[in-house]
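For this one, chain P is given, so just place chain L on it according to the hints.
For the protein sequence lines, the chains are P and L, in the order given. For what it's worth, numbering that gives the first Met the number 0 labels the leading residue of the first sequence as 0, then goes sequentially. For what it's worth, numbering that gives the first Met the number 0 labels the leading residue of the second sequence as 0, then goes sequentially.
Hints are computed from structural coordinates only; laboratory data are not their basis. Hints are not guaranteed to be accurate.
Since the list gives no way to pick one copy over another, a pair counts as held whenever it fits inside one copy or between any two copies.
[Claimed, not checked] List time: in silico SDA-like cross-link candidates among lysine to any residue, alpha-carbon distance up to 20 Å:
1. K121 / L138
2. K275 / W264
3. K145 / V219
4. K25 / W15
5. K275 / I296
6. K23 / T9
7. K23 / N3
8. K258 / A279
9. K23 / Q5
10. K25 / S12
Number of protein chains: 2
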Amino acid sequence: MDQNLQGWFTERSPEWPGEAFSLKVKNKLLQKQSKFQNIEIFESTNHGKVLVLDGAIQFTERDEASYQEMITFLPLNAHPNPRKVLVVGGGDGGVVRELARHPAVEEVVQCEIDEEVIEACKTHVPSMGCGFSNPKLTLHTGDGAKFLEETQEKFDIIITDASDPVVLDGTDEGTKDGPAVSLFNNEYYTKMKNRLAEGGILCSQGENMWLDAEMVVTLVRGCRKVFPVVEYAYTCTPTYTAGQIGFILCATNPATNLKEPVREWDQRTAAEMGLKYYNANVHRAAFALPTFMLQHID
Amino acid sequence: MDQNLQGWFTERSPEWPGEAFSLKVKNKLLQKQSKFQNIEIFESTNHGKVLVLDGAIQFTERDEASYQEMITFLPLNAHPNPRKVLVVGGGDGGVVRELARHPAVEEVVQCEIDEEVIEACKTHVPSMGCGFSNPKLTLHTGDGAKFLEETQEKFDIIITDASDPVVLDGTDEGTKDGPAVSLFNNEYYTKMKNRLAEGGILCSQGENMWLDAEMVVTLVRGCRKVFPVVEYAYTCTPTYTAGQIGFILCATNPATNLKEPVREWDQRTAAEMGLKYYNANVHRAAFALPTFMLQHID
Chain P
0 MDQNLQGWFT ERSPEWPGEA FSLKVKNKLL QKQSKFQNIE IFESTNHGKV
50 LVLDGAIQFT ERDEASYQEM ITFLPLNAHP NPRKVLVVGG GDGGVVRELA
100 RHPAVEEVVQ CEIDEEVIEA CKTHVPSMGC GFSNPKLTLH TGDGAKFLEE
150 TQEKFDIIIT DASDPVVLDG TDEGTKDGPA VSLFNNEYYT KMKNRLAEGG
200 ILCSQGENMW LDAEMVVTLV RGCRKVFPVV EYAYTCTPTY TAGQIGFILC
250 ATNPATNLKE PVREWDQRTA AEMGLKYYNA NVHRAAFALP TFMLQHID
Chain L
0 MDQNLQGWFT ERSPEWPGEA FSLKVKNKLL QKQSKFQNIE IFESTNHGKV
50 LVLDGAIQFT ERDEASYQEM ITFLPLNAHP NPRKVLVVGG GDGGVVRELA
100 RHPAVEEVVQ CEIDEEVIEA CKTHVPSMGC GFSNPKLTLH TGDGAKFLEE
150 TQEKFDIIIT DASDPVVLDG TDEGTKDGPA VSLFNNEYYT KMKNRLAEGG
200 ILCSQGENMW LDAEMVVTLV RGCRKVFPVV EYAYTCTPTY TAGQIGFILC
250 ATNPATNLKE PVREWDQRTA AEMGLKYYNA NVHRAAFALP TFMLQHID
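The shape of chain P in the complex, shown without the other chains (with noise of 0.2 Å):
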């Protein structure tokens, strides 16, 4: 029953107990810690290169567009003209990579509180880091949220591409509080509404409801007391835990249905804008959520 997994990274943590993810090792290409957490980039044998924060997998380039492509097109494509956008975290340049191949983009402006992870992306993952020469993008590096109480500027979108509030310590089997935990509350939601330009929208990256449909209940709840339009919506990513993530979107007009994309491309203009993932019936789908969900969030 047991099994050799020598050679392997063995993703596990006490916020998904009994369960266990490994991916083969080709080759390591960094470890190291920043300021903030720890950063580990290695080749896999099947999935590409992959990042890891804080013993967490943040992608694979096998997979990656599945997360990349739906956080940053759900919102964009819900707002009839997405002109200015604000990412906030988004280190490895995946989103920023995205808004770059949208039509409607024209400024784009990224807070990320690690700048050793946009470093270790665009030096270990061009294919990731290649996001960071947009040239539309002006980037801050420093907390998310304290970059929100201190702009004056409005946003059409503000997208949060965020690890998770809880991270593995280093010892066996504890956590803590990671980089992101100030991006998980409903002061931070109330700072991006107040950075909103009229009918803004905003997405940020919701956990999973099979690991823990609690905390998602908790944020849905509050962000209905700051917006008049919030929905849950996920995507199918293999390699993160339980096989998906979810989203949590908000808008600030309450005739916005942020389930109906306003654009639609047909399948040849999106082989040419290189999506590989996103499309309007995706889009769709992303909200249909299963019944034992909808028992826990209604």
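Then chain L, alone, in the frame of chain P:
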């Protein structure tokens, strides 16, 4: 990087190289070799009881509803009057359990190749094995493809709940054809067509688009030569490899729209029926394929 996974069950296969999924074992309940395959049942620490055939996870109690309900209700709710149903495989009892919930079903016939799987689930996993006390059920043991040749009966629905065609052979990383191999080819689909009543619909376990898009496309293209309506759908089951599994659905009537359920239950009715996963929106969403899969399949 390496972790101690002693006391865990780990699923690996050359069919999905470079990744492994592990569940922590609380209590081993059964391990035996039947005439057809290696059967293993254990109680996990966090996912309930788990059935493993030839090294591959068949279900965990925690998330099995996402598979059992979908393979059953997708075809049944695309059919106006699914009175008579044939189940090929499904030896764990999950599909026949779901069929007992459906108001339209009058008669269920099942043909499972391995009676030791049936006995194991009846003895050790009553939450699944309870399906066999469905009073509408007539149970046969034997090869499903052969059963289809020999029976004179016609069915409104045929569900093929098979394990994977290729399985571990018990040596280090070797594989062989499994007991379900006869259920993954065009001849089998033609045999099913011959046993479908007018307006009949079939739904088969259809492998995983992330792991083997080629095989899925080959099956779908083969079906298109036999049936006027063929669709590929999928459900998200966290403990299956890559977190999801596909279905191939075929209809004999060219006017059938498999994507649109002909009956819809409100949330209260769904709860009374004991549904945990399936609902009409999830039905529709199951057919929304990502762009990369559309590019393969169209």
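Hint check results:
1. K121 / L138: within (14 Å within a copy, 60 Å between copies)
2. K275 / W264: So K275 and W264 pass the 20 Å test inside one copy only (13 Å; across, 34 Å).
3. K145 / V219: Neither: 22 Å inside a copy, 52 Å across copies.
4. K25 / W15: The answer is between: 16 Å across copies meets 20 Å, while 26 Å in one copy does not.
5. K275 / I296: between (30 Å within a copy, 14 Å between copies)
6. K23 / T9: Intra 9 Å, inter 14 Å, cutoff 20 Å: intra and inter.
7. K23 / N3: both (11 Å within a copy, 15 Å between copies)
8. K258 / A279: Intra 10 Å, inter 16 Å, cutoff 20 Å: intra and inter.
9. K23 / Q5: Both. Shortest intra-copy (9 Å) and inter-copy (18 Å) distances satisfy the 20 Å Cα cut-off.
10. K25 / S12: between (23 Å within a copy, 18 Å between copies)
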